[in-house]
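Undergrad: Protein chains in written order, with the working numbering: chain A, 290 to 876; chain B, 1397 to 1617; chain C, 4 to 207.
Hints are supplied without guarantee of correctness; some may be wrong.
The calculated lysine-lysine pairs, modelled on BS3-like cross-linking and capped at a C-alpha distance of 25 Å, are [to be verified]:
| hint | chain 1 | residue 1 | chain 2 | residue 2 |
| --- | --- | --- | --- | --- |
| 1 | A | 857 | B | 1440 |
| 2 | C | 24 | C | 84 |
| 3 | A | 659 | B | 1457 |
Pulled a few chain B residues facing chain A out of the computed Cβ check, cut under 8 Å [stated by the list, open to error]:
| hint | residue |
| --- | --- |
| 4 | 1407 |
| 5 | 1410 |
| 6 | 1411 |
| 7 | 1427 |
| 8 | 1601 |
It is worth saying that the hints were derived from the structure and are not from the lab. Ideal Cβ positions, reconstructed from N, Cα and C, are used throughout, including at glycine.
The lines below spell out each chain.
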Amino acid sequence: MATIVAEAPGQATGHAEHEQSFLRKYIFSSDHKIIAIQFLFLTLFFLAVGGLLAMMMRYQIAWPDQPIPGGGILPESMVASGYILPEFYNALVTMHGSIMVFLAIMPMLVGVYANYLIPLQLGTHDMAFPRLNMYSFWLMVPAGIITLASFWVIGGAAGAGWTLYAPLSARPDLTGVELGQVMWLVALIFIGLSSILGSVNYITTTINMRAPGMTWFRMPLTIWALFITAILALLAMPVLSAAGIMLLFDQTLGTSFFLPEGGGQPLLWQHLFWFFGHPEVYILILPAMGFVSEILATGSRKPVFGYKAMVWAIVAIAFLGFIVWGHHMFMSGMNPTLGLSFTVSTLLIAVPSAIKTFNWMGTMWRGNLKLHTPMLFAISFVALFAIGGLSGVFMAATPVDIYIHDTYFIVAHLHYVLFGGSLFALFGAIYYWFPKMFGRMMSEKWGKVHFWTTFVLYNLVFFPMHGLGMVGMMRRIYDSTGYAHLEGIQDTNQLITVAAFGLYLTGFIFAFNFFWSIFKGKKASRNPWDATTLEWQTPSPPKHGNWDEVPVVYHGPHEYSHPDVLDKDWLAQNERPDVVSPAAGSH
Amino acid sequence: MDWALPPNYSTFGVQIDQLFWIIFVITGIAFVLVEAGLILFIVKYRSRTGHKAYYTHGSNKLEIIWTVVPALVFVVLGVYSAGLWADIKNPSNMPEGAIEFEVRAKQFEWNIVYPGPDEILGTGDDFEVLNQFHFPAGEPVIVYLEAEDVIHSFFIPELRVKQDAVPGMRIPVWFDATQTGEFEIACAELCGLGHYRMEAAVTVHERADFDAWQASRALAQ
Amino acid sequence: MAHAATAARPPERGLDVYTQKVGMWVFLCSEVMFFAGLIGSYVVLRFGASSSWAEPNEVLNVTVTAINTFILICSSVTMVKAFAAAEAGDQKGIKTYLLATTALGALFLGVQVYEYYELIFHQSWAGSHGFTPQAGLYGATFFTMTGFHGFHVLLGVICLGWATIRAYQGHWGADNTHGLEVLGLYWHFVDLVWIILFTIVYLI
Chain A
290 MATIVAEAPG QATGHAEHEQ SFLRKYIFSS DHKIIAIQFL FLTLFFLAVG GLLAMMMRYQ
350 IAWPDQPIPG GGILPESMVA SGYILPEFYN ALVTMHGSIM VFLAIMPMLV GVYANYLIPL
410 QLGTHDMAFP RLNMYSFWLM VPAGIITLAS FWVIGGAAGA GWTLYAPLSA RPDLTGVELG
470 QVMWLVALIF IGLSSILGSV NYITTTINMR APGMTWFRMP LTIWALFITA ILALLAMPVL
530 SAAGIMLLFD QTLGTSFFLP EGGGQPLLWQ HLFWFFGHPE VYILILPAMG FVSEILATGS
590 RKPVFGYKAM VWAIVAIAFL GFIVWGHHMF MSGMNPTLGL SFTVSTLLIA VPSAIKTFNW
650 MGTMWRGNLK LHTPMLFAIS FVALFAIGGL SGVFMAATPV DIYIHDTYFI VAHLHYVLFG
710 GSLFALFGAI YYWFPKMFGR MMSEKWGKVH FWTTFVLYNL VFFPMHGLGM VGMMRRIYDS
770 TGYAHLEGIQ DTNQLITVAA FGLYLTGFIF AFNFFWSIFK GKKASRNPWD ATTLEWQTPS
830 PPKHGNWDEV PVVYHGPHEY SHPDVLDKDW LAQNERPDVV SPAAGSH
Chain B
1397 MDWALPPNYS TFGVQIDQLF WIIFVITGIA FVLVEAGLIL FIVKYRSRTG HKAYYTHGSN
1457 KLEIIWTVVP ALVFVVLGVY SAGLWADIKN PSNMPEGAIE FEVRAKQFEW NIVYPGPDEI
1517 LGTGDDFEVL NQFHFPAGEP VIVYLEAEDV IHSFFIPELR VKQDAVPGMR IPVWFDATQT
1577 GEFEIACAEL CGLGHYRMEA AVTVHERADF DAWQASRALA Q
Chain C
4 MAHAATAARP PERGLDVYTQ KVGMWVFLCS EVMFFAGLIG SYVVLRFGAS SSWAEPNEVL
64 NVTVTAINTF ILICSSVTMV KAFAAAEAGD QKGIKTYLLA TTALGALFLG VQVYEYYELI
124 FHQSWAGSHG FTPQAGLYGA TFFTMTGFHG FHVLLGVICL GWATIRAYQG HWGADNTHGL
184 EVLGLYWHFV DLVWIILFTI VYLI
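Bound-form chain A, shown alone (with noise of 0.2 Å):
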């Protein structure tokens, strides 16, 4: 079985360390390490869940009149005699968006590679809270434990919308939904609190304990994106928790804040939520942004084109995300003039994700393309990202946005710029560093196969959309068939759900790779990629601690093929301190 770290401890780590239990070890490990792996099985579980709720949505969709085929083992008040009810229907596309926001997606990209890369590529043993890290994840553990549990409670889970719209979600007598809404809002508070509390350790580290000779412009576009991520995290999740909890007191406590009757204001929920939601998309997009730099710029063997102009726009895009909430808000009833200060902020933030766009192109451009899996989900990113950014544009223009609006147009959309976007970069990231955190290569075959499958069925999936927004098809309906303006569409639906089941099954060829390569994947060398930053310079897996001393850092983070380096294509950047690279005449 392979161990996750490959030494024991107590070897010269600069701190005292006895044999620790298994459980010190790997279960209540404050190691950053290992932290990092297990917000990786946490997640990976909840996507499988959040991909079997859209399953069963895709099943009544594509066939409203059917019966779901195992629909009797669920209980009767989701599935009424094999039938999916029209209330578990809204409970299934509220959790299938919450659970695959709040308890796969954000947490994979942040819980996992905030925690595991920020020590290891600014060269320091561990988080500078490394307690305080272990909590971050426990509080989780209690969240999604919450959510799952909530299926099965009286009413139900959560309905409203993973957005939460008052004054729906807050009235039980109007949903049916009583309980199951109260304990989603209880898990978004763990939820919120685990977010919070490592965005302080990932803020604090990496203003604090970079290694020697790594300036701001020396850490890896990776780190950029963490950190700044980090930042919109710390001030956004308040302000959800802040909103959530005048919305569990309108639901127990018999307050209004978002009901009229009392005097509350349904928009007062829009405008939290949202200027909470926004940063949260920003959230769920930048580190996967990240990660993408710097897999093109490996596969590629060139630095990063416009390294300082890529930092500029991540700060540009998280700076800007504060200020453009309203966009989801257009028809809201909102003042129609605020309704257009939020139409500029929403075009001039379209400006810094072109110009990634371009650099990631620019990157590629002229290089020495190693088209290994993890730079297929790098390349494609940049493929799927631009299709899901520019269909933001007709969303942007809010006559156009009249229309579109609660349409399936909105989903492609979203659908793109989270799964085609942030997923696909999470997969590239997940092959990219699986021989770091196990010390094993996964299948580069199966790689592929399962890249060359999710790639096709993935658009046969949400391209469509795109169509069926045209036309006119509305969000969240439990059964499409009784409009006039909607015939014809079922074909395209039912080709679509078709795709989603390929596509779900695409995710076990992924898990049988991933879990099959931890215990009987290639031994990986320190550094199989001949990557520059500083987490390949160490063992694979490396040790509690991460390093014997902290390295110095000579260079750039992705100088690939300097030209006075001749033995190989790669200057990592602690090495060489002679070679003088053009990045390193930073502050």
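Guided by the hints, dock chains B and C onto chain A, whose structure is given.
TA: Quick look at chains B and C alone, frame taken from chain A:
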């Protein structure tokens, strides 16, 4: 399924559709450039013996170009959108002399309040009909949108009209149908378990027909 | 492999501020956003309301709360003095001032509990019994904001109590001040939030 917007039967819908297709062309060009570029690079720069990468950290000139050009495109789009948006949504731009209705959304039905033959809302000849919205073509119509319980959304695809109905608010919405026909109001905001079936029938009449219909309905109330 | 002493090793990068202090400042930023969410909602609901809410002095006991505010400010002063004593190695001063800070913090909480009791059981509101969280938006926002602030004070008092016990064990001194400084930062923040809350909720 036809990848097309539904036929447009609304005055401002013409500009909405135009804007949609302009954006389609612009984003289509960007799409082709990016995807073709990626495919070209994968083919041309894939690793093979003797092939080496070109060491560069970037180009400030290119950064400026590909910042300014997209920014200009977006500014133009923004300015055009702003004008059209104000025309459609600003309460001060609501057309004068339009016939007015009240639409009250509630789980899971649409209640339409008609102004009656005197064409003034709030007078004695007003009447209410469930899930049937009749109005005349060829002239502006204003709907005052309200919601009784939760947020709903008033969506008539062929008229390019959408507006959330929010409890505690009374929101004006205007449109001008260019021809007669039968359409639907579809609720476009999740409002509970019956959201999927919250439809109403829309009938757009010739003016004279509408007058006759309204007169007979008013009598029947 | 022992720690090889490297000649002329460049220093680790970072601020000239120790890590725990950076961490506390970062954490306090998140707390700012949390209270901003609550207070911002209060402002929107109160000043966006169609009819104006009752004046604070018609419902709340502004005088008692003003005294309570003074008590909390005093506790910040004693906290500053406790830290100064630690830096100077004045063990007696550390114990005295930490004890005082804890006591003043606990007193603040006690007065607030008393205030809540009076409001809920003895204050009339719109014809109903008691000013409670259900007493319109005024009650809802009042109890939510002051309640969460009070919760943060409680956490602070618990930490102060622990720090005081440690002081009596001789834990703090000129060579061990970081924990006190970081706790002080938190405590001053809690005080600052209260001053803002008191102004917006009781005075305006």
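Undergrad: Closer than 8 Å between Cβ atoms is the bar; does residue 1410 of chain B clear it against chain A? Give me holds or violated.
TA: Result: violated, 11 Å to nearest chain A Cβ.
Undergrad: Does residue 1440 of chain B sit within 25 Å of residue 857 of chain A, going by the straight-line distance between their CA atoms?
TA: holds (22 Å)
Undergrad: Measuring from the C-beta of residue 1427 of chain B to each C-beta in chain A, is the shortest one below 8 Å?
TA: holds (6 Å)
Undergrad: Is the hinted pair residue 24 of chain C and residue 84 of chain C satisfied, with a Cα-Cα distance of at most 25 Å?
TA: holds (18 Å)
Undergrad: So, as I understand it, the hint says residue 1407 of chain B touches chain A; can you test that by seeing if any CB pair is closer than 8 Å?
TA: Status violated, d = 13 Å.
Undergrad: With 8 Å as the cut and Cβ atoms as the points, is residue 1601 of chain B at the interface with chain A?
TA: violated (18 Å)
Undergrad: Take a quick look at whether residue 659 of chain A and residue 1457 of chain B sit within 25 Å of each other, Cα to Cα.
TA: Violated: residue 659 of chain A and residue 1457 of chain B sit about 28 Å apart, past 25 Å.
Undergrad: With a cut-off of 8 Å on the beta carbons, see whether residue 1411 of chain B makes it to chain A.
TA: holds (7 Å)
The structure does not agree with the numbered hints 3, 4, 5 and 8 stated previously, though it agrees with the rest.
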